[in-house]
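*Asks:* Each chain is listed here by its residues.
Protein chains: 6
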Amino acid sequence: MQVIGAHSADFVWRAAGAVAKAVSLGGQAEVIALSYGERGESGELWKVEGQTVANVKRTRHAEAEAAAGHLGASFKCMDFGDYPLQVDGDRLLAIAEAIREFAPDVLITHTDTDPFNPDHPVAHAAVDRARSLAAGAGVSSAFATIKPPQLFLFEPHQPELCNFTPTVHVDITSVWDRKVAAMAEMKAQRYLQTYYAQRGEQRGNHARRASGDQDVRHGESFMRVVPQVVDEL
Amino acid sequence: MQVIGAHSADFVWRAAGAVAKAVSLGGQAEVIALSYGERGESGELWKVEGQTVANVKRTRHAEAEAAAGHLGASFKCMDFGDYPLQVDGDRLLAIAEAIREFAPDVLITHTDTDPFNPDHPVAHAAVDRARSLAAGAGVSSAFATIKPPQLFLFEPHQPELCNFTPTVHVDITSVWDRKVAAMAEMKAQRYLQTYYAQRGEQRGNHARRASGDQDVRHGESFMRVVPQVVDEL
Amino acid sequence: MQVIGAHSADFVWRAAGAVAKAVSLGGQAEVIALSYGERGESGELWKVEGQTVANVKRTRHAEAEAAAGHLGASFKCMDFGDYPLQVDGDRLLAIAEAIREFAPDVLITHTDTDPFNPDHPVAHAAVDRARSLAAGAGVSSAFATIKPPQLFLFEPHQPELCNFTPTVHVDITSVWDRKVAAMAEMKAQRYLQTYYAQRGEQRGNHARRASGDQDVRHGESFMRVVPQVVDEL
Amino acid sequence: MQVIGAHSADFVWRAAGAVAKAVSLGGQAEVIALSYGERGESGELWKVEGQTVANVKRTRHAEAEAAAGHLGASFKCMDFGDYPLQVDGDRLLAIAEAIREFAPDVLITHTDTDPFNPDHPVAHAAVDRARSLAAGAGVSSAFATIKPPQLFLFEPHQPELCNFTPTVHVDITSVWDRKVAAMAEMKAQRYLQTYYAQRGEQRGNHARRASGDQDVRHGESFMRVVPQVVDEL
Amino acid sequence: MQVIGAHSADFVWRAAGAVAKAVSLGGQAEVIALSYGERGESGELWKVEGQTVANVKRTRHAEAEAAAGHLGASFKCMDFGDYPLQVDGDRLLAIAEAIREFAPDVLITHTDTDPFNPDHPVAHAAVDRARSLAAGAGVSSAFATIKPPQLFLFEPHQPELCNFTPTVHVDITSVWDRKVAAMAEMKAQRYLQTYYAQRGEQRGNHARRASGDQDVRHGESFMRVVPQVVDEL
Amino acid sequence: MQVIGAHSADFVWRAAGAVAKAVSLGGQAEVIALSYGERGESGELWKVEGQTVANVKRTRHAEAEAAAGHLGASFKCMDFGDYPLQVDGDRLLAIAEAIREFAPDVLITHTDTDPFNPDHPVAHAAVDRARSLAAGAGVSSAFATIKPPQLFLFEPHQPELCNFTPTVHVDITSVWDRKVAAMAEMKAQRYLQTYYAQRGEQRGNHARRASGDQDVRHGESFMRVVPQVVDEL
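Residue numbers (the working numbering), protein chains in the order written: chain A, 531 to 763; chain B, 531 to 763; chain C, 531 to 763; chain D, 531 to 763; chain E, 531 to 763; chain F, 531 to 763.
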């Protein structure tokens with residue numbers, strides 16, 4: 531499983547449970563951030579007098595690495611800058627290369643729309659296109675290709691305004707404490723810790739209603755982009 | 531698995547593979563037709579001089595039963611009449627009762643729109659509502675309830691005009707001969723046998739492209755209505 | 531060409547140009563109203579003291595007949611009542627029978643949604659379903675069938691709120707005076723005469739922009755439901 | 531303000547804040563339930579041995595009345611029955627009459643879709659149509675009409691699956707305690723009290739992000755159906 | 531209020547009434563054009579023999595300034611060029627800076643789609659993203675931020691083809707003469723003066739139907755992008 | 531008729547019938563490829579040891595030219611490169627110039643979305659914008675303009691996942707052998723020959739159902755973007 535977010539903390543709120551669950555079941559997970567969110571999404575850090583971009587990046591790197599550690603995933607950052615995040619041809623190829631290298635079975639990124647964030651849609655467009663470049667057209671080609679990863683979009687902050695309709699709920703009950711631990715590393719964003727703790731309970735409720743399985747206590751929701759191929763319905 | 535179609539042959543073209551696959555993996559399957567499609571969808575039979583509605587129903591029943599037999603499923607018909615199919619309050623409750631009785635894990639029916647068929651959307655609306663009546667609201671109630679079945683819509687004849695977007699491809703390679711045998715029972719609809727044989731190959735191709743699994747030769751496509759609950763992405 | 535509206539004046543504002551054009555090119559046209567709009571859409575008539583439903587119907591019939599006459603079309607009313615219009619099984623079959631009898635090449639009705647009118651969506655649903663009943667499934671059947679009419683939706687009063695996207699503009703420049711004459715018969719609705727005269731100019735402007743043909747002065751817009759079959763793009 | 535829900539508790543979870551706010555600002559509010567939700571939505575009550583429908587209705591009536599009382603609203607129930615709720619022509623007219631009588635400036639009901647509830651879409655369709663019947667076509671008519679109420683849809687349990695996109699957040703910070711008190715009356719649905727308390731905080735967060743106003747602590751979200759008419763953007 | 535259009539005349543047809551109304555009620559308004567529309571949208575001027583781009587720009591500047599003057603707004607042009615309008619990273623930041631500087635409560639721009647114009651969607655994308663850059667993520671950041679402006683899209687020439695659904699009608703009756711005066715400054719586009727004068731009447735009609743307020747004579751329609759936060763429904 | 535595809539073989543599978551039909555009825559047709567698809571879509575060729583990009587391009591050019599020859603169309607390639615195809619400002623103007631030069635009545639390209647191909651949406655966006663640049667705004671301008679071509683999107687490989695809804699079926703029965711011959715030139719893509727031969731039969735079936743015309747044996751389906759302007763419905 532590979533998670534590619536615009537900023538270094540995105541994976542924590544939106545996919546930490548799915549990552550921890552995959553790892554707990556024997557999978558490998560890599561988190562990639564296209565930027566540290568250093569300018570626009572580092573809230574509390576910018577209340578510190580004399581703060582610098584370099585220092586914010588350092589702090590954010592440490593936080594993300596610690597959070598990923600709780601989940602059993604590796605973390606790396608492409609450091610493309612934020613607010614605005616810009617992805618030109620070379621950066622697109624770098625993202626495709628990162629996907630090709632890890633060759634994930636499951637790839638997760640942002641939705642295509644977000645009226646509250648200038649960088650999330652840019653990340654979506656780049657990752658979606660990079661995935662196609664890495665997987666190729668299903669035929670021999672001039673470059674190495676990988677098996678097409680399943681593509682999922684994680685939950686944005688305001689789902690209904692971001693073209694997000696959940697099509698999969700992951701039962702993350704058994705790894706809930708790891709998500710809580712990962713969120714706790716994001717010291718500058720305490721409010722979001724409460725917000726996404728509540729959200730985890732609510733998605734658990736939704737999963738119970740959809741499945742009738744009363745044992746689900748916490749959930750995370752995703753939107754599948756490419757059809758699933760199954761042996762049986 | 532339970533499949534509820536407007537007319538007695540619908541399940542053959544649209545879900546025979548998924549039914550056969552479920553049965554081959556140890557599941558149980560029931561096919562319910564709301565009508566025999568005796569007036570509007572019995573093509574060749576109405577070219578026979580002196581044909582009667584009663585006789586068409588008899589023939590259609592035998593064909594559907596034989597087709598279901600090839601798949602390992604049982605078949606029953608509610609005989610509500612077709613062109614137009616009408617579902618009032620009592621019939622709605624009868625459909626809910628049929629769902630409650632079989633208590634399927636997976637329930638399959640038509641899409642909500644079909645500009646080429648007056649009965650398919652009626653069937654969709656009735657089955658969708660009956661499913662909620664059978665499953666209840668996830669709490670104790672004045673009537674018996676079942677675990678909410680997963681709801682899927684099968685592929686209509688002209689998908690793009692019927693609000694159909696495939697979200698699941700079932701690999702039916704191993705049971706393809708059973709679908710072919712089931713389709714062959716529909717003696718009055720030879721053209722559709724060719725049409726859906728081709729469609730099975732094409733959905734196999736789509737499944738290969740989506741999964742990268744070159745062993746899929748035949749597929750059937752479905753649209754999931756309620757989110758899936760999974761242990762892992 | 532057959533136009534079926536919920537109320538007796540609907541065809542005038544929304545399709546008079548297309549009707550007159552079809553007739554002027556040698557076609558035959560029939561207008562059917564499901565009701566006279568006697569209770570809800572007869573504005574000025576209800577300002578007359580002592581007005582009665584019977585009298586309103588008489589006046590509306592005369593107006594609609596005169597308007598249809600200007601266009602070269604016949605008019606009949608099913609008189610099902612309005613506000614609310616209700617269509618049960620028998621009425622559905624009566625509409626299907628009317629379509630089967632006239633066997634139009636082109637059938638026109640309301641959009642499926644209208645937050646400003648309780649009867650228009652009811653008319654849409656009935657006509658859409660009746661059309662399928664009249665045309666059958668393209669195979670032999672227990673009842674007589676006709677060649678499937680092309681289905682169009684005419685322009686509602688507030689298009690963007692009614693799921694209306696124009697896909698065809700008809701150039702009605704050569705029959706504009708007939709539409710104006712037909713609208714003038716609707717004596718109780720003067721404001722709408724101005725409104726739809728403006729709308730005719732605007733749709734002419736849209737048609738000029740779409741086609742580059744500067745000779746179009748007046749247009750009427752429609753939304754095609756079932757794909758068009760052509761010899762050449 | 532008039533709120534019309536399918537079951538007697540719907541208004542509490544979905545619109546109690548907006549009701550209390552309207553009343554606190556000098557408005558009048560009426561809550562109408564089409565049924566008591568006696569069969570399908572009375573959870574805990576059906577765990578009581580020997581429970582009867584009549585008794586459940588009595589309990590639900592008392593609870594709803596008490597909840598409405600906390601908000602300053604009146605409550606009445608049409609008692610049409612639930613699971614399934616059925617609305618025929620006479621009931622449609624009764625709903626229209628109730629709207630005409632109260633003549634609300636603001637009318638609130640369910641979304642048009644809900645894959646988890648068989649009655650909510652039925653209530654939506656009936657209220658939407660009844661509103662048009664009560665308001666008429668903006669011209670004189672055979673029946674009394676009222677000024678068209680603004681139509682809003684309240685938040686369903688799983689918004690993204692119910693065609694719900696919030697277009698208005700109401701700041702209910704100042705009446706939050708009243709919503710909490712109203713929810714507490716629903717003794718049989720403790721879990722929902724927690725759920726919607728969290729939801730109120732989250733919608734408060736969304737309202738802060740949308741407006742930049744840091745004083746909003748709790749919110750309720752609605753979807754406006756008919757365009758708003760304003761003096762100024 | 532700040533209006534940002536692709537070409538210097540866009541604000542006149544689409545938002546002059548809303549601008550004049552805001553100013554008449556004590557607000558301040560700024561109009562920004564990303565280009566003069568000098569190459570593609572200056573119609574009559576290019577019929578003048580020996581016409582030059584520099585001269586067209588001068589004329590267009592004078593016209594837009596005069597029009598803005600009638601409304602009580604200031605006007606400035608970024609002069610990025612048109613047909614095609616191109617917005618790279620630096621220009622994006624310049625637009626963000628312009629928004630940050632004016633810090634509007636209300637920001638208005640184009641829809642995201644327009645099959646008849648190559649520049650309007652480019653302007654939409656740039657303004658939407660620039661707004662997020664100017665407002666930030668609602669937390670402290672490395673750059674100055676403003677309170678998030680409410681975002682509206684103004685009415686395109688062919689609404690149904692441009693993803694435009696009106697959600698707000700502004701009553702511009704009291705400032706209609708100012709819009710007429712502003713439109714009259716666009717001497718090279720006489721036809722549009724008639725077109726948008728009619729449109730103003732029609733939107734007035736729509737506003738009357740939506741609100742029941744018979745005093746609205748002229749309206750302008752907008753589509754709100756981010757939910758509204760209100761004290762009361 | 532002008533067809534502009536991302537890769538040199540796209541026109542064969544998706545529009546060869548429409549091209550051949552237009553030519554057979556006396557029209558002229560030009561096919562433009564933005565790239566040869568040399569890196570990503572040349573399947574079998576890359577199984578040849580020692581293969582080079584230059585050689586693949588040569589082979590693909592010959593194949594496309596031969597295929598276009600069967601249809602009676604000319605072929606040229608802009609050679610912009612593939613996987614990824616990139617279109618900057620200069621290339622956009624080059625495409626606009628190519629459209630202006632040929633001044634087609636009908637212009638055909640890709641859909642706006644394709645989760646299986648990184649280049650198709652890029653081609654769509656460029657052609658859509660270039661068309662507007664070539665046609666201008668319907669008024670005099672600083673550059674030469676052409677009559678706006680009708681814009682169609684051809685059928686993608688997986689229509690429902692690519693925002694493709696067919697709105698026009700072309701009857702290609704009389705030129706079916708030419709499409710077969712053109713497809714046969716694509717020697718490296720044998721599977722697609724079978725796939726699109728089946729698809730041609732299926733679209734013929736859809737066209738028979740839509741029109742009731744039993745003589746249609748093969749069809750090709752397209753999605754019209756800008757409304758059609760007609761003399762009569």
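Derived by calculation from the structure, the hints in this document are not laboratory data. A few of these clues could be false.
Note that identical chains are pooled: a pair holds if it fits in a single copy or bridges any two copies.
[Claimed, not checked] List time: in silico DSSO-like cross-link candidates among lysine-lysine, alpha-carbon distance up to 27 Å: (1) K606 x K717; (2) K577 x K606; (3) K587 x K606.
*Asks:* State for each hint whether it applies.
*Replies:* Against the structure, the hints:
1. Taking the closest pair of Cα atoms, K606 and K717 come within 27 Å of each other only inside a single copy of the chain (19 Å); across copies the shortest separation is 44 Å, beyond that limit.
2. In this assembly of identical chains, the alpha carbons of K577 and K606 lie at most 27 Å apart only when taken from the same copy (26 Å versus 35 Å across copies).
3. For the identical chains of this complex, K587 and K606 are intra-copy neighbours only, at 12 Å inside a copy versus 38 Å across copies, given an alpha-carbon limit of 27 Å.
The structure shown violates none of the earlier numbered hints.
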